Amino acid sequence: MLTQLEKKVFCGLAGLYAGDAYGLPMEMMPREHVAQVFGRVEDLVTLDTPAALDGYWYRPIFPRGRGSDDTYFNTYVIEKYIADGKMDEEATAQIFTDNIREILDTPFYGPSTLAAIGRMMKGQDPASTGLPGSPLGDGQSCGAATLRSTPIGMANPANPEAAALEAAHAALPTHGSRVALSAASAWAAAVACAMSDNPSLEAVRDAALLGAEIGARFGRPGIYASVAGRIELAWQIAVQAPSPQKAADRLYDLIGAGLPANETVPASLGMFFACPNDVLGTILTAANAGGDTDSTASMAGALAGVYSGACNIPQDRLAMIERVNRIDIGDISKRFSAWIRQNRA
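For any residue, its number in our numbering is found by taking its place in the sequence shown, counting from 1, and adding 17.
Since the hints were made in silico from the structure, they are not lab data.
Honestly, I wouldn't trust all of these hints.
[To be verified] Straight-line Cα separation of at most 30 angstroms, DSSO-like style, residue types lysine-lysine; simulated pairs:
hint, residue 1, residue 2
1, Lys24, Lys351
2, Lys351, Lys97
3, Lys103, Lys351
4, Lys97, Lys24
5, Lys24, Lys103
[Claimed, not checked] Derived DEER-like restraints, expressed as beta-carbon distance ranges:
hint, residue 1, residue 2, range
6, Arg340, Leu19, 16 to 24 angstroms
7, Asp142, Met45, 31 to 39 angstroms
8, Arg234, Asn294, 13 to 21 angstroms
9, Asp142, Leu70, 22 to 30 angstroms
10, Ala362, Arg234, 22 to 30 angstroms
11, Arg352, Pro67, 28 to 36 angstroms
12, Met138, Arg352, 26 to 34 angstroms
13, Pro77, Asn215, 14 to 22 angstroms
All figures in this text were calculated on a predicted structure; none of them were measured in a lab.
Just so you know, even glycine gets a beta-carbon here, dropped at the ideal spot from N, CA and C.
Taking the hints into account, I'd like the entire structure generated from these sequences.
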């Protein structure tokens, strides 16, 4: 029988990997286009034929069940914890160095991350390779570093402050803007709180706000809306909405669900707040919302899994995701749970 810690880790990782696979086919589609192309998303789907809508072209790229860089980099982070015991600037840089061929062979990494990788490969201090070149951010406001923060939160059960600090240091090599670091720390802190025994939703919200404040101590300032302010707005939207999908629509309209970190984290938290004990429901809510759907679905799904310690994703769908992405969720979660129990619990 699985312990509570093992349940939380397994269900969190199942939500993360499944959310990525459920959300990838409609990634960066406006909400209207998701409905036009897929109808109501209720299962793993793929784009079978090209679609032209309002001057945009969507082309089939990935098989059903495929995950994005969110799947692979989160796995790298877990393996790094198990091997070396921590995540910081050097650990993140080492992950990129060790997996450079696989990383460059995927189409997911943005220009700011690729530029940072180039600086790392030249030997620049990883604490400075992700610094933005202007107050507008040069892509540094995007949430890529945030997407790697879920395992960091899991690795710091019931310790949001430690998770926030570790997430900020781990994010610096690719994203040195204050807004990206605030978002990465907020997410790790929320997950760390959800790893507690029987946390309340209010406690998860407060942990995210604490993490946002901690992360904002790092990095360069820029012209961005507040991560913490948008988390508070996401909470209000979620608790007032009559249904999870109505909450998602409102989050999309008022906060956004695109690439910027101050959209991705508040939107994902809001979708979780609206549907905290239903992992599959949270994932489908995010997938149907439009925007950066692989990110919001994987993050919100992971948080729901950690929070509830329960997973209602169909077993045959998890098996398909494992097969297509060549991962073993049970093995990864077992080894990660053992490491957490021995080193952090």
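Results for each hint:
{"no.": "1", "hint": "Lys24 <-> Lys351", "in the structure": "holds (10 angstroms)"}
{"no.": "2", "hint": "Lys351 <-> Lys97", "in the structure": "holds (15 angstroms)"}
{"no.": "3", "hint": "Lys103 <-> Lys351", "in the structure": "holds (18 angstroms)"}
{"no.": "4", "hint": "Lys97 <-> Lys24", "in the structure": "holds (21 angstroms)"}
{"no.": "5", "hint": "Lys24 <-> Lys103", "in the structure": "holds (22 angstroms)"}
{"no.": "6", "hint": "Arg340 <-> Leu19: 16 to 24 angstroms", "in the structure": "holds (23 angstroms)"}
{"no.": "7", "hint": "Asp142 <-> Met45: 31 to 39 angstroms", "in the structure": "holds (33 angstroms)"}
{"no.": "8", "hint": "Arg234 <-> Asn294: 13 to 21 angstroms", "in the structure": "violated (33 angstroms)"}
{"no.": "9", "hint": "Asp142 <-> Leu70: 22 to 30 angstroms", "in the structure": "violated (45 angstroms)"}
{"no.": "10", "hint": "Ala362 <-> Arg234: 22 to 30 angstroms", "in the structure": "holds (27 angstroms)"}
{"no.": "11", "hint": "Arg352 <-> Pro67: 28 to 36 angstroms", "in the structure": "violated (41 angstroms)"}
{"no.": "12", "hint": "Met138 <-> Arg352: 26 to 34 angstroms", "in the structure": "holds (29 angstroms)"}
{"no.": "13", "hint": "Pro77 <-> Asn215: 14 to 22 angstroms", "in the structure": "violated (44 angstroms)"}
Checked against the numbered hints above, the structure breaks hints 8, 9, 11 and 13 and satisfies the rest.
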